[in-house]
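Asker: Now for the letters of each chain:
There are 2 protein chains.
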Amino acid sequence: MTRDLTPLFKPKNVAIIGASADPEKVGHIILLNYINEGYSGKIYLVNKNPAEILGMKPYKSVLDIKERLDCVVIAIPAPAVPEVLEECGKAKAKSVVLISGGFAEIGNVDLQSQISAIAKKYNIVLVGPNCLGIMDPRSRVNTLFLPAYKLSKPKIGSVSFVAQSGAVGSVILDLIEGEGFGLSKFISYGNAADVDETDIMEYLMNDDETKVIVMYIEGIKRGKAFLELARKITKVKPVIILKAGRTAAGATAALSHTAALAGSYEAHEAVFRQFGFTIANDLVDLLFYAKIFESERAPKGNRIAIITNGGGAGVLTTDAISSSKYLKLAELSEETKATLSKTMPPLVNLRNPLDLAGDAGDKRYHDALYPIINDPNIDMIIVIILFQTPGADSKLAAEVIELKETIEKPMVIISVGTQYTEMHKIMMESSGLPVYDSPRSAAMSLEALLRYYQYKNHKD
Amino acid sequence: MTRDLTPLFKPKNVAIIGASADPEKVGHIILLNYINEGYSGKIYLVNKNPAEILGMKPYKSVLDIKERLDCVVIAIPAPAVPEVLEECGKAKAKSVVLISGGFAEIGNVDLQSQISAIAKKYNIVLVGPNCLGIMDPRSRVNTLFLPAYKLSKPKIGSVSFVAQSGAVGSVILDLIEGEGFGLSKFISYGNAADVDETDIMEYLMNDDETKVIVMYIEGIKRGKAFLELARKITKVKPVIILKAGRTAAGATAALSHTAALAGSYEAHEAVFRQFGFTIANDLVDLLFYAKIFESERAPKGNRIAIITNGGGAGVLTTDAISSSKYLKLAELSEETKATLSKTMPPLVNLRNPLDLAGDAGDKRYHDALYPIINDPNIDMIIVIILFQTPGADSKLAAEVIELKETIEKPMVIISVGTQYTEMHKIMMESSGLPVYDSPRSAAMSLEALLRYYQYKNHKD
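First to last, the protein sequences are chains A and R.
Take the first sequence: its position 263, counting from 1, is numbered 267 in our numbering, and each next residue is one higher.
Take the second sequence: its position 421, counting from 1, is numbered 425 in our numbering, and each next residue is one higher.
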């Protein structure tokens, strides 16, 4: 049964239990989030202490609130949680984000079982405990109690991130913005006393705002349900997964972190691969994959053309492509060579990788890319731009962005360097061009894209 | 025979052939470099056109210069090079940096052979052609014709970088600064008509200013001499090598780039491994390795402790360590556990990885690191600091920097994120603490450090 998580992401109103006037308290930070983000629903504060909070009078209990609540955020010490959760149930609250820690992750298994039972009894959709909760830039919901100056906030987009761990979740959120792409939904679900990874994936599978699902998990709670969903989900949209606890020692560490039983990674990995999941081995890989899938371009085949303004970078990228058993260096068609022979200076060898030399600017890149875009022998394009060279500048970045709009083929950029390069990287990424900092990450991302669409388009 | 490259790096005087008043010309940019860097030796300009350049009168030929020249930089079109090189020989110039392209890399093999022959005849130490040349921040030599605003310039340090390719060289230079460590010498040697990778390595092996050698090469010119040197060099100092042209397609691409015969990579790699080289597979890896070797700390064993403020990051790092067949997760000693039990809050499990939780600040990190530093069961330390969490701030970064001074054990940081994180990353790196953006890069760097010192300390 698909659980409806809509009240979590799109609540018409919200109550904050543990709302506080003390700026150090989690309940204060979360309240400020709702105000600062511009959340347009009604906000109710709940606190036993009747003192005003930011000029608002708190309710003693959710039971005193007349309206039916879409979402209740709870940020109070663990021992006090069962009682207020019971009240949420009686008030018919639809969903709860339980921020508080102090449950199974420190051995308080019974307390957590109590929580699960109450949520079940009242049919509450509960996220947590021991989590960061929800962020949805469209509905302006943000339960993350993180200091705003410590991380950048992503713009609205189509990638949804699911992270069991709060700290890993906050790093991912910070990186999303740094990598320049947009967020649909973010959910950190902690100990999964009620809503688990399978519930969330199922919801996101059917969510029109989500085109790509990215997950960091430490364990899978309901293996059979997960397996059933896995069969279907990747036929709908790509799922990128990073599973911590790959090794025996890692699995033990996961147990003490979110009380997750990690299980055998080999078994998990076999399932992931079989059902077309993209498997990441590191946090940064999650982001590399996410941005190529966000562009939603399906390659027609595995033949890659490389255009570069640095010969050495072309050689390294050729190595990276040739090291993949899925990718292949394209042969330029005779027509492409004929066209290039008219426009390229004599020092440019008409081959793949096409080395345009260090003085190449927007004009030469344009002349080189135009026939390559139309070459039927080429399925995907890697454009290397080393911005340290004399010819590369903002006009070149603008040229590549413009050309991208005219084609269907997947195209990625490799650029690596400090300030001047970073500036252009942001310019290109915010226009939907994935930029990679190494041949390795570009090649592995193109490989993932190819393999996913091969899986998806394969007739069963 | 060791070739003396000192006149290239530490010239008492320099002549620039092709010096120009036109700001677009390479000969102008190089002249400006010498002036702007504050090079203190005498600078001679050479140009057939007698017009003044930046207020200086050029000589018609190097033969007109009375003083014996330590270094001549040549930046004129390829066909004119043999004649002026002959003049350099007659003037007994000690060394030449031949910037010009247009030789073997575009098929002009004969022209290049002529250059080689002239250099040999006059016993000139010649770097190039088709190269960026030399940078030495101590002597303030800089022949790199790159727009200054496009790349950051590294500070003085102890790592020397050798890059056959100019563009790859310029990227490396830019990244060195971004990674926060210092440069001893930089040399881009292009087609290697005279001085080759073996000459350069041999010189750097004996160079007191160089503690770590990092190389990007496309081919090896003199296999036998290289092999002889390889036997000795890593017993003196670490060498990190990235060899492009690993695959057949990559080797073909290398041939058209710097006319390098790449040879079989398997054969190369076997030699590199056998003689204790650290092998990089990507440009960014070169930098990861360089910064851990720069710290010059030899691990006593392979047992690693992980301290973290994010449980998930601890799990991922445990996975990365356990995936290496060389590294091992340490067992905390009973004494360490006893000490920690007095200072850690109850929610901290006394195990490795040690998860200090998201509210950990400088005090808790100090209390945790102190016993771990002194634990005889621990050889190397990974400190994970997720700066997105509430407790992590500049005081914590300062604390870790201070603790680092008191220990001999290798210690690295994992921090990943955007602005707030980057600020602290620079703070820690410029204090000599290597910072990594992923468990993978931290683990592979510690593994490389361990393997190198095991090789170096092994009695033959």
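Some hints could be false.
Note that identical chains are pooled: a pair holds if it fits in a single copy or bridges any two copies.
Below, computed lysine to aspartate or glutamate pairings styled on DMTMM-like, alpha-carbon distance capped at 20 Å [stated by the list, open to error]: (1) 413 <-> 71; (2) 154 <-> 41; (3) 413 <-> 87; (4) 157 <-> 426.
Hint data in this document are derived by calculation from the structure and do not stem from the laboratory.
Since the structure is predicted, the reported quantities are computational estimates derived from the model, not experimental observations.
Asker: Each hint: holds or not?
Answerer: A quick look at each hint next to the structure:
Within a single copy, residue 413 and residue 71 get their C-alpha atoms no closer than 51 Å, and across copies no closer than 61 Å, so neither meets the 20 Å cut-off. Only within a single protomer do residue 154 and residue 41 lie at most 20 Å apart by alpha-carbon distance; the minimum there is 16 Å, versus 37 Å between protomers. Neither within a single protomer nor between protomers do residue 413 and residue 87 lie at most 20 Å apart by alpha-carbon distance, with minima of 57 Å and 50 Å respectively. For a Cα distance limit of 20 Å, the shortest separation of residue 157 from residue 426 qualifies both inside one copy, at 18 Å, and across copies, at 16 Å.
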